[in-house]
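Asks: Note that UniProt numbering has the sequence shown beginning at 1, numbered continuously upward.
Careful, some of the hints might be misleading.
To be verified - Straight-line C-alpha distance at most 25 angstroms; calculated SDA-like pairs for lysine to any residue:
#, residue 1, residue 2
1, 514, 471
2, 651, 514
3, 651, 463
4, 514, 463
5, 514, 545
6, 651, 163
7, 651, 303
8, 303, 359
9, 377, 399
10, 514, 571
11, 514, 480
12, 540, 447
13, 377, 334
14, 303, 275
15, 514, 436
16, 514, 555
17, 540, 516
18, 303, 127
19, 377, 590
20, 514, 447
21, 377, 333
22, 540, 590
23, 514, 621
24, 377, 303
25, 377, 434
26, 540, 463
Claimed, not checked - Derived Cβ-Cβ restraints for the label pairs, each shown as a range:
#, residue 1, residue 2, range
27, 63, 315, 41 to 47 angstroms
28, 149, 328, 20 to 26 angstroms
29, 338, 238, 45 to 51 angstroms
30, 329, 301, 46 to 52 angstroms
None of these hints come from the bench; they were simulated from the model.
Every residue gets a Cβ at the ideal spot worked out from N, C-alpha and C, and that includes glycine.
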Amino acid sequence: MPSSASKFKPGTRARAARRNAANTDSPPIPDTPSSPAGSPSPLTERSTAASLADPIVRLGGLLIGSASSILLLGTLLYVSPRFLEPVYGNVFAGLYFRPALVTCYALGSLTAGWLVGRCAHARTAPAVHRTLLATAAELLAWSTLALPLSLEALRWLFPYRLTFGPWLGPHITQLGHAYPLAVLAGAVGAVATELVFAGPTWAAIAVRAPSRTGLQSTVIRLSLLALRTTLAFTLARVVVDRAGFTTPIHTCSTVLGLTFQTILASALLYLLDAASTPATPTGTSTVPNVGRDRPRGTGWSRKAVPLVVALILIARARLREPVCIPGLIPDYHAKSADFTVLDRAESVTGWVSVIDNQRDGYLALRGGNSLIGGRWKRPTESIFLIFYSMEGARLLNPPYRQSSPVAKGATGAPTAPRGLQIGLGVGIIADSLQRAGFQMDIVEIDPAVYRFAREYFGLAEPHGVYLQDGRAFIEQGNLTDAYDYVFHDVFTGGSVPATLFSVEALTHIRRILKPSGILALNIVGSQRPPLNRALLFVWKTLTAVFPHVGCHAEESDDANHVVNMVFFASVERALPTGRPGVFRTPTREELGDVYLRREAYRLLRERPLVDLGTTLNSSQLAELAPVTDAHNPLASQQIGSAEQHWQNMNKILPPETWEVY
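Please construct the entire structure, taking both the sequences and the accompanying hints into account.
Replies: As C-alpha cells, this is what we get:
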C-alpha cells in the first residue's frame, strides 16, 4: 500500500516543515502578570467596571432612543398635515392621517422587534446590547437624512395632486414625508426598549420559547406591540401639547431643528456603543474575535458620514426649499405672469398669502386652500357677494344715521350700533359698517390675516381688535347685551372650527347680543343630500338657541355645488320664512356706489328666507340633534362638502397656483 506521504503533491512536505519551523521560532505569548495574593487582577477590575457600566449605558440608550422616537412621532403628528393644508385643504390633509401614522409606527416597531429576536439567538446579553445600541444609532442616522429630504419630496409630489385627488393624494404625498419617518421612529423605539432587559424580550421570547405555540407567541408579540404603540402615541400627544405646537410655529424650522437634535442623539448612541465595546486587555492576544467584539473606535469615519451629510442637507433646505425661506422668492412666487404672490407668512392657522390676479384685476387673501376674501382693484369692492349679504343684517332693523335722533345717549348724541365680527377675512364687513358709523370689534385668531387686511385691503383701524380664539372671546363674562350685531364667518380650507358652532358657543353669542340683536352666520354647504348634513346640524343647533332663524342661500347655476349659506337668527326680531320682504328697503347712503352690495341687498329683499326644517320629513328631523361640545359631529359631516370646495378652488385659480405657498 502506498504511504500517506504519496497523497501530497511535491513540495507539500517542505512547506509544512517551513511552517512548523516558523511556529517553533516564534516567541511565546506572554502570560498575564500575576497579581499579589488577595488582590484582583487588572483584567478582573476591567470586567467589574464593565459590569457596573453596562446598566448605565443601557439606561442611557433607552432614554436617548425612546425620547428621539417620541419627539419624532409628536412632530409628525402636528407638522406633517400643515405642509399639505395649502394644497389639499384642512379636511383632507388630516383625514385618516393619524390611523395611517399609527400603522406605520407599529409596522416599524414590529419589524425591528422581530429582527431583534432573530439576531439574538446564540449570543450573549452584552453582545446583544452592543448590537442594539449600534442599530438604534444607525436608524437615527437614517432619520437625519430622511427628514430634510422629505421636504423636497413634498415639492416633487404636489404637481400630481389633481391626478391623485383629495382622498388619495395626501396619503401618497405622505409616503414621501411622514410615513417612512414613522416607520423609522417605531423601529428606534422598539430597539431602545429592548435595552432595559438583560436579554432580548418579547420578540425573542416569542421566537425562542419552545413551550409556547405559534398562536401564543403571536398574542405576546401583538399585545406588547399594542402596549408600546399606545404608550408612544400618548407621550407624543403630550409632547405636542406641552411643546406649544398649538401656537404659531414655523414648520420647516421645526423639522430642521428636529433633524439637528436627531443628529446629536445618533452621535450620543454611537458614543455609548463605543463605551460598551470592551477594550483589549494589555498583554493578551491581539487576534480579534471576529463577529463578536469590535475594537473600540472602529468605523468612526463611516458612522460620521450620514451625520455630516445631514448637516449639509439642513443648510441646503434653509437656502433652497421655499417652505424654509421666510418672505418672497421671486422666481418661485411669480411662476405665472397672471398670478403673483405679493406677501406671505406662516402663522397660527398655517400659510397665509396675498395673491395679485393680474389677469382679472383683483387682490385676494389666501388662507390654506381657500380664498378668504379679496377686493377688485377698480372699483375697490369685494370680489365675493356673500360679505354684503351678511352685512345686510342691518336691513332687519331701522336705518342708523349719525345725525338722526335714534337711540340718544346720555349726552344727546346718537349711540352708534355696535357690531362684532368673528373671523375677519379681508375686513369687508367691518370696513363697510365702520364707514357707516358703526362701532366694530373684530376677533381674529390669526395675526397675519389682520396685518394683511390692513396693509393690502384698506381696512381702517377697528374700534376694538382682539387677536385670539373666537370661542375664548365670547365666553368672557363682561359682554352681556353688548352688541347689536354679530357677524360669524370662520369657514376656511373646506371646513369650520366645530367648537364655534355648538349649543354652548351659540348660547354665549346669544348672551352678548342685545335682545333685538341679529346674528349673521355664514357656512359653506349644499342643500342636496347627503352633502347637506353639516348644514342641517347647524340649523338644528341654531333653532335650539334662538327662537327666530332663517337661511339665505347664494345663487348657483348648479344645485349640486356647495355655496355660501347665511343664517340670520334673533331672540326678539321675527324672521318669517317662505315670503319675501323681510328685509327693509336700504337707504341711498347704505347702498353707496358698490355694485355687489346693491345686488346682495336686492336678493335679500326679493328672495324669501328658508326654514330648512320644512325640507325634511319627521323621521329625518328625529335623527337630528343639536351640536354640543360633548357630541359634535360637524367634523365628519363636512367631508363631502369639503371635496366640492376643493374642486371649486381649482376652478377659481389655476391648479399650479395652489402649489405655490
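Asks: Checking against the hints above, which ones are violated?
Replies: The structure breaks hints 2, 3, 7, 8, 9, 12, 16, 20, 22, 23, 24, 26, 27, 30; every other hint is satisfied.
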